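Number of protein chains: 2
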Amino acid sequence: METTIESLEWRYATKRMTEKKLSDDQLEGILNSIQLTATSNGLQPFTILVVEDEQVKRKIAPVAFNQPQILESSHLLIFAAWTKISPDRIDTYFKQVTEERNLTPNALSDYADRLKKNFGGMTSEAQFQWASKQAYIALGTAMIAAAEAKIDTTPMEGFIPEKIDEIFDFKSQNLGSTALLALGFRDIENDPMASVKKVRRSKENLFIRI
Amino acid sequence: METTIESLEWRYATKRMTEKKLSDDQLEGILNSIQLTATSNGLQPFTILVVEDEQVKRKIAPVAFNQPQILESSHLLIFAAWTKISPDRIDTYFKQVTEERNLTPNALSDYADRLKKNFGGMTSEAQFQWASKQAYIALGTAMIAAAEAKIDTTPMEGFIPEKIDEIFDFKSQNLGSTALLALGFRDIENDPMASVKKVRRSKENLFIRI
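Residue numbers (our numbering), protein chains in the order written: chain A, 1 to 210; chain B, 1 to 210.
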């Protein structure tokens, strides 16, 4: 697991980027890692906007406290989690699984019904929080995949979700913005955080062994 | 980023494990990856129980629907997220950062005050959900680190949080169980999921490019 550890050591939440662009292969690699990310029941309950357009970034910046990475990044990912884990969405997923695994049409019906019942009994807010947690697994995966290729990232919670949702009309799509991830390259000269020591709680403090 | 992609391709949510134990180095490597995981503001708002004791696992199994991996795993990680992002916890973290980065004592006071105000304005449930999302980044990191070393994992949401919280007296520590992760080795002969095709939503469906 040396590569993962090295990637985690190398990365940091980059505050300033150089505006250098990712190559197509680099971008697709990161998107592939997100696509492959583990999620509960495999539902992948999110949509991810891949924003390269400068005009769109300029709309986002003011509702994200004008963090410079919004404009200095090569691409900005917007993680939008499902606000409803609807029967439709569950059916669509199980139809795909049934087809790709050559199962009989109703092989997964009971499983799908259990999920529908489970999510049907949750508030919309609880469904969104559940979906957001799955999106955060993908957020972390993307940071590791990027770092392995020496691509920098900035995960951001500092934005006004309602405003982002408005810009992209997320509400009507039963989506809610949950995190941003800037992709790009660190500007060592202008980013004081590029050279500071990484601080982590000690393992004695973080883990309890039983 | 080939290694990350290979790890993601190799892994699956393992349903049956062989009871083979991880080596000390393997376990420490996975814990190191969790320790290094990115979290919002670096707060690492969780405690992780590393359960190897068979008697303790036997207490957990019935409140986790007797999923066989609980007992067949080498170690079971219990991710317990903070239910309160208290001023104390924030101060402890910023004290550590201040010391390790050799900053002047009050260099980060304004930053810490902003966080205290922010979390102080959130409900306990919202604080727990926020902390849980950070724990899910760590959950995903652990799966990637493990897979790189051909160690299997099973992320599990199928358990009764209140019962796990009771077993470990989490409530009095302002913790709440949010996810389990079994670590071990796949039992290919007994796990029908070991050989099925991985299914993922298409990139056209998952990403919107702007």
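Since the hints were derived computationally from the structure, they do not count as laboratory data.
As the structure is a computational prediction, the values presented were derived from the model and not from experiment.
From the three backbone atoms N, C-alpha and C, an ideal C-beta is built for every residue, glycine too.
One thing to keep in mind: the hints can contain errors.
What the hints assert, rightly or not - Below 35 Å or equal to it, Euclidean Cα-Cα: the simulated DSBU-like pairs (lysine-lysine) are:
| hint | chain 1 | residue 1 | chain 2 | residue 2 |
| --- | --- | --- | --- | --- |
| 1 | A | 150 | B | 116 |
| 2 | A | 163 | B | 203 |
| 3 | B | 197 | A | 198 |
| 4 | B | 203 | B | 150 |
| 5 | A | 203 | B | 15 |
| 6 | B | 57 | B | 163 |
| 7 | A | 84 | B | 171 |
| 8 | A | 203 | B | 57 |
| 9 | B | 117 | A | 116 |
| 10 | A | 117 | B | 163 |
| 11 | A | 59 | B | 57 |
As the list claims (entries may be wrong) - Computed list of chain B residues with no C-beta within reach of chain A, every gap over 12 Å:
| hint | residue |
| --- | --- |
| 12 | 16 |
| 13 | 61 |
| 14 | 100 |
Claimed, not checked - Which bits of chain B does chain A cover? Going by a derived footprint, with three or more residues having C-beta under 8 Å, they are:
| hint | segment |
| --- | --- |
| 15 | 18 to 25 |
| 16 | 50 to 58 |
| 17 | 62 to 73 |
| 18 | 111 to 119 |
| 19 | 139 to 151 |
For each hint, the structure was consulted:
{"no.": "1", "hint": "A:150 to B:116", "verdict": "holds (34 Å)"}
{"no.": "2", "hint": "A:163 to B:203", "verdict": "holds (26 Å)"}
{"no.": "3", "hint": "B:197 to A:198", "verdict": "violated (39 Å)"}
{"no.": "4", "hint": "B:203 to B:150", "verdict": "holds (27 Å)"}
{"no.": "5", "hint": "A:203 to B:15", "verdict": "holds (29 Å)"}
{"no.": "6", "hint": "B:57 to B:163", "verdict": "holds (13 Å)"}
{"no.": "7", "hint": "A:84 to B:171", "verdict": "holds (29 Å)"}
{"no.": "8", "hint": "A:203 to B:57", "verdict": "holds (22 Å)"}
{"no.": "9", "hint": "B:117 to A:116", "verdict": "violated (38 Å)"}
{"no.": "10", "hint": "A:117 to B:163", "verdict": "holds (22 Å)"}
{"no.": "11", "hint": "A:59 to B:57", "verdict": "violated (51 Å)"}
{"no.": "12", "hint": "16", "verdict": "holds (17 Å)"}
{"no.": "13", "hint": "61", "verdict": "holds (15 Å)"}
{"no.": "14", "hint": "100", "verdict": "violated (5 Å)"}
{"no.": "15", "hint": "18 to 25", "verdict": "violated (count 0)"}
{"no.": "16", "hint": "50 to 58", "verdict": "holds (count 5)"}
{"no.": "17", "hint": "62 to 73", "verdict": "violated (count 0)"}
{"no.": "18", "hint": "111 to 119", "verdict": "violated (count 0)"}
{"no.": "19", "hint": "139 to 151", "verdict": "holds (count 9)"}
Hint check: violations occur at hints 3, 9, 11, 14, 15, 17 and 18; the rest are consistent with the structure.
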